[in-house]
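J.: The sequence shown begins at 31 in my numbering and counts up by one.
Some clues are possibly wrong.
Derived lysine-lysine pairs resembling DSS-like cross-links, with alpha carbons at most 27 Å apart [said to hold, decoys possible]:
1) LYS264 - LYS440
2) LYS264 - LYS252
3) LYS350 - LYS264
4) LYS252 - LYS399
FYI, nobody ran anything at the bench for these hints, they're computed from the structure.
Please read these numbers as outputs of a predicted model, since none were measured by experiment.
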Amino acid sequence: MQDTLKRQEAPARYRAVWRWHFYAGLYVIPFFIMLALSGMAMLWLAFVDGRDGEHTAVMAQEAPLAVSAQAEAALSAFPDGTLAQYIAPRRDDLAAIFRVDTAEGPMMAVINPYTAELLESFPRRSGWYDTMDNLHGTLLLGVTGDRMIEIAASLGIVLLVTGLYLWWPRNGQGLRALVPSWGRGGRSGWKSLHGSVATWISVVLLFFLISGLSWSGVWGEKMVQAWSSFPEGKYSGVPISDVTHAEALNGGTKEVPWALEQTLMPASDPHANHGANAAATTGGEAEAGTGAGPLPDIDRVNAFARSTGFDGRYQLNLPKGETGVWTLSRDSMSTDSVNPTSDRILHLDRYSGEVLADVRYADYSLMGKAMAVGIALHMGTLGLWSVLANTLFCLAVLFVCVSGVVMWWKRRPAGLRGLAAPPPPPALPHWPGAVAIALVLGLAFPMAGITLAAVLLVDAGLRPMLRPVFARQG
31 MQDTLKRQEA PARYRAVWRW HFYAGLYVIP FFIMLALSGM AMLWLAFVDG
81 RDGEHTAVMA QEAPLAVSAQ AEAALSAFPD GTLAQYIAPR RDDLAAIFRV
131 DTAEGPMMAV INPYTAELLE SFPRRSGWYD TMDNLHGTLL LGVTGDRMIE
181 IAASLGIVLL VTGLYLWWPR NGQGLRALVP SWGRGGRSGW KSLHGSVATW
231 ISVVLLFFLI SGLSWSGVWG EKMVQAWSSF PEGKYSGVPI SDVTHAEALN
281 GGTKEVPWAL EQTLMPASDP HANHGANAAA TTGGEAEAGT GAGPLPDIDR
331 VNAFARSTGF DGRYQLNLPK GETGVWTLSR DSMSTDSVNP TSDRILHLDR
381 YSGEVLADVR YADYSLMGKA MAVGIALHMG TLGLWSVLAN TLFCLAVLFV
431 CVSGVVMWWK RRPAGLRGLA APPPPPALPH WPGAVAIALV LGLAFPMAGI
481 TLAAVLLVDA GLRPMLRPVF ARQG
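Let the sequences and hints guide you as you build the complete structure.
T.: Listed below in structure tokens is the structure:
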């Protein structure tokens, strides 16, 4: 008797899961297509052309000019601006980049480090990469777009779980899910390819969804990042400012290591080491970073950076305001390095030259370490191999989306009116496992929970009233 009931319940459960898979896909597919296309564009734009002109080639010479001379050339392009950032070249045959803050917004100057020639200037974050980045993250709609994409990514997990349930063989031959049935035609052939490709990429897709959600405004910023950030309490009693790393260094853009975005910056002490300051201004020999003197110019800070391990490309942010600090940083998310475990950010007191904080990958929390590596994988900043691997993944996502639409199109009834969703089962017995999974997903990913609740409300309460309009829907 029990076996008979199980056989009767199985088709009902399958139809219920299929229906959820359909509704999740209805919302998710357009977003997945957009994310895959914009993601591939960002991969190749960053790899080939860079984001801020950092791939501009120059003729390497014996030695570059002082950074201060290069900075003067950058400022000459924006006479009323304020120097904010220096990005050192990755190699000897590449240009240096300077950011100058102006009344019209931050501007970028590409400088030949050997001649101080201005090679190019443009508004910061105004290129094709940035357009694709904004589309990828917010649909160019700001907070509204961020929430829409977070819903899509959250429902993508529902789509993944329900899809694996639908496709996985019931006869114990699970590995057959990985092999398409070649030679099939029509909808059956599309279904076989759709299921097999989706199964192959399922683990990677889950990784991309989770790592992408880490940037989202609700699950990422409010829930996960808040308790995974580097604690400013580890600064060992140095003065703390009231601005975060993201606000102070990059104007709120997501270019600071994930674990530090919400961490408050240390602050310079205007009353620190006044005696050394006086000695230095009269020709003292104090060196940057030793606590024995001030940091009067960008050249000394750059020399200290090179002496303390910041080789190749790194970023130097100048102090802002009376309590601002010099900040030296290198991280894979900003394409400074192809090794996320080499992430490092160091803050110097602008008056005394003291090292206020030297935060490295080893200092991150477990989640912070996972995100440092995960974001580098997500963005494909680990070298050509990661660009190619991510491109292949994006193409697979596009195929799964397109094949899903083709399957629906081939299944649709003649004279289609409405969505032609899979019909609901006439009676679905209590399914503790499904209820538990739905509760876990809803609690873990709030936007998914809210959306699932809204769909349940519509499906249970409003669907009967919509039958005259969507006569063929269920």
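J.: Assess, step by step, whether the Cα of LYS264 is no farther than 27 Å from the Cα of LYS440, and give holds or violated.
T.: violated (60 Å)
J.: For a C-alpha distance cap of 27 Å, please report whether LYS252 and LYS399 respect it.
T.: holds (19 Å)
J.: Between LYS350 and LYS264, does the CA-CA distance stay at or below 27 Å?
T.: Since the Cα atoms of LYS350 and LYS264 sit roughly 23 Å apart, the hinted pair holds (cutoff 27 Å).
J.: Quick one, are LYS264 and LYS252 close enough, alpha carbons at most 27 Å?
T.: holds (22 Å)
When held up to the earlier numbered hints, the structure conflicts with hint 1 and nothing else.
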